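Got chain B sorted already, so can you dock chain E onto it with the hints?
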Amino acid sequence: MPLLKTPLNAVHRALGAKMVDFGGWDMPVEYQGVLDEHSAVRERAGLFDVSHMGELEVRGPQALDLVQHLTVNDASKLKPGQAQYSALLYGHGGFVDDILVHKVADEHYFLCVNASNQDKDYQHLAAHNRFDASVENAGPRYAQLAVQGPLATGVVQKLTDIHLTPIKRYHFVDGHFSGAPARIARTGYTGEDGWEIYIAPQFAERLWKEILAAGADAGILPCGLGARNTLRLESAMPLYGHEIHASITPWEAGLDWIVKLDKGDFLGREALVKQKQRGLTRKLAGFEVQGRGIARDGYEILKNGVGSGWVTSAGVIRGGPAPALNKNIGMGFLPVPLSEAGHAIEISVRGRGVEAVTVPMPFYKRAR
Amino acid sequence: MYPENYRYTKEHEWVHVENGVGTIGITDHAQHELGDIVYVELPKIGTHVEQAKNFAVVESVKAASEIFAPVSGEVIAANDALTATPELLNSDAHGAGWIAKIKLSVPEEIDRLLSPTDYQAYLGEG
Chain B
1 MPLLKTPLNA VHRALGAKMV DFGGWDMPVE YQGVLDEHSA VRERAGLFDV
51 SHMGELEVRG PQALDLVQHL TVNDASKLKP GQAQYSALLY GHGGFVDDIL
101 VHKVADEHYF LCVNASNQDK DYQHLAAHNR FDASVENAGP RYAQLAVQGP
151 LATGVVQKLT DIHLTPIKRY HFVDGHFSGA PARIARTGYT GEDGWEIYIA
201 PQFAERLWKE ILAAGADAGI LPCGLGARNT LRLESAMPLY GHEIHASITP
251 WEAGLDWIVK LDKGDFLGRE ALVKQKQRGL TRKLAGFEVQ GRGIARDGYE
301 ILKNGVGSGW VTSAGVIRGG PAPALNKNIG MGFLPVPLSE AGHAIEISVR
351 GRGVEAVTVP MPFYKRAR
Chain E
1 MYPENYRYTK EHEWVHVENG VGTIGITDHA QHELGDIVYV ELPKIGTHVE
51 QAKNFAVVES VKAASEIFAP VSGEVIAAND ALTATPELLN SDAHGAGWIA
101 KIKLSVPEEI DRLLSPTDYQ AYLGEG
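These protein sequence lines are chains B and E, in that order.
Going by the working numbering, the first sequence opens with residue 1, and the numbers climb by one from there.
Going by the working numbering, the second sequence opens with residue 1, and the numbers climb by one from there.
Since the hints were made in silico from the structure, they are not lab data.
Some clues are possibly wrong.
Unchecked claim - Derived CB-CB ranges, DEER-like: (1) Lys44/E - Glu270/B: 32 to 42 Å; (2) Thr83/E - Asp265/B: 37 to 47 Å; (3) Val106/E - Gly16/B: 53 to 63 Å.
What the hints assert, rightly or not - Result set (SDA-like, lysine to any residue): computed pairs, CA atoms no more than 20 Å apart in a straight line: (4) Lys18/B - Glu33/E; (5) Lys18/B - Ser91/E; (6) Lys18/B - Ala30/E; (7) Lys327/B - Ala81/E; (8) Lys327/B - Ala64/E; (9) Lys18/B - Asp28/E.
Here the structure is a predicted model, which is why all the values come from computation and not from measurement.
We put the CB at the ideal spot given by N, CA and C, even for glycine.
The following block holds chain B by itself, in its conformation from the complex (with noise of 0.2 Å):
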């Protein structure tokens, strides 16, 4: 099967980024260098073209019940124009996948979700919708860029007539962005303040060259999946097939906050009130390497050369400013007893066991 490709594919190549097959999707994975766009966020302002992620419409009388009935988190505390950050489970309790929930109006939700499983998303709400509500594949319909960083709130305000410093963090306003139909949400997955600009796709690329232009004082760079995975990863935010997937519940992610299990019944809730009860294996710890090697996704963790779990994702990102030496981050999963912070543990890396310790996440919060 062909790449997909977001409106921006073209933009892309022409600004010289290295692509990738992220999920089926050609995308962007650096422009001028990771580490570079990854301090550009957390400084400054970073524009992502994330069109790859997937939208759902729910729409009808009973909307809220399907919603409700799918979801881990308490949609009914949404009031219009908020949005919450919740998952999708399986019966047995695992991830079919992590969105966030847009509350549009009283019959009206908008799930995004993750680009790979927009299509399973669809079904599994198709699957098991007994609900006088419809469910609406939406993605081809929307394009989607993100600005992020301290100064993303400044870029975005001179595009757009909708005062946005009154909007605070999870919550949206439908209105106009440089002339074009357009949902802003004050959302992202940097652990930075920003905006994720929902439009239609033929307003993507003047748009996404508007926001570079009006972030250019800013020193606002284009940034690609790489830096996405670093911020998000520093800000110890799961990334689905990595963190949460069919065989990892909410609990084992570390995921507590956003299971409300006094909110009625929903798919998933049975096993995961279970598992409580028998109490947890293993859990999400984050660590640091210590010694000389670079832990990877999927690399084994050690305790005292007992092979005790797997690197889920590990990344490299800088440790202060220049010349400070570069940090080798990453979270997996290990035995409860060890996913504490402080213990000593090793990553497996090319057979050699690479000191490292776990530590407390996130690895990042922005100062507020």
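Only chain E this time, still in chain B's reference frame:
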């Protein structure tokens, strides 16, 4: 860009032979493809390496890449500067970013390597 007196491999290593000793590194093209380089696993001095066999590892922010020896011989020096400043491979791949020096055991192997012209033609085809 690609020094005249170096020889190159299709795996994007270079070797500069002087007095029977080959200085070895990765090409500018290779460092550009790898992106920000963050770690280099240097070969141990005294080990014997075989042409086209793995003898070092260069890791960028994106991935680990095995480096193949362009010539056979004994490792007589490794560039320890890369331990603290692996980014030398990005900034000066053909100079300060050299990886190791090998005392050639089969000097005629050099004839099987690419000239700068052939290497650049090879890159052009890619």
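Each hint tested on the structure:
no.: 1; hint: Lys44/E - Glu270/B: 32 to 42 Å; result: 57 Å, violated
no.: 2; hint: Thr83/E - Asp265/B: 37 to 47 Å; result: 57 Å, violated
no.: 3; hint: Val106/E - Gly16/B: 53 to 63 Å; result: 40 Å, violated
no.: 4; hint: Lys18/B - Glu33/E; result: 8 Å, holds
no.: 5; hint: Lys18/B - Ser91/E; result: 19 Å, holds
no.: 6; hint: Lys18/B - Ala30/E; result: 13 Å, holds
no.: 7; hint: Lys327/B - Ala81/E; result: 18 Å, holds
no.: 8; hint: Lys327/B - Ala64/E; result: 16 Å, holds
no.: 9; hint: Lys18/B - Asp28/E; result: 16 Å, holds
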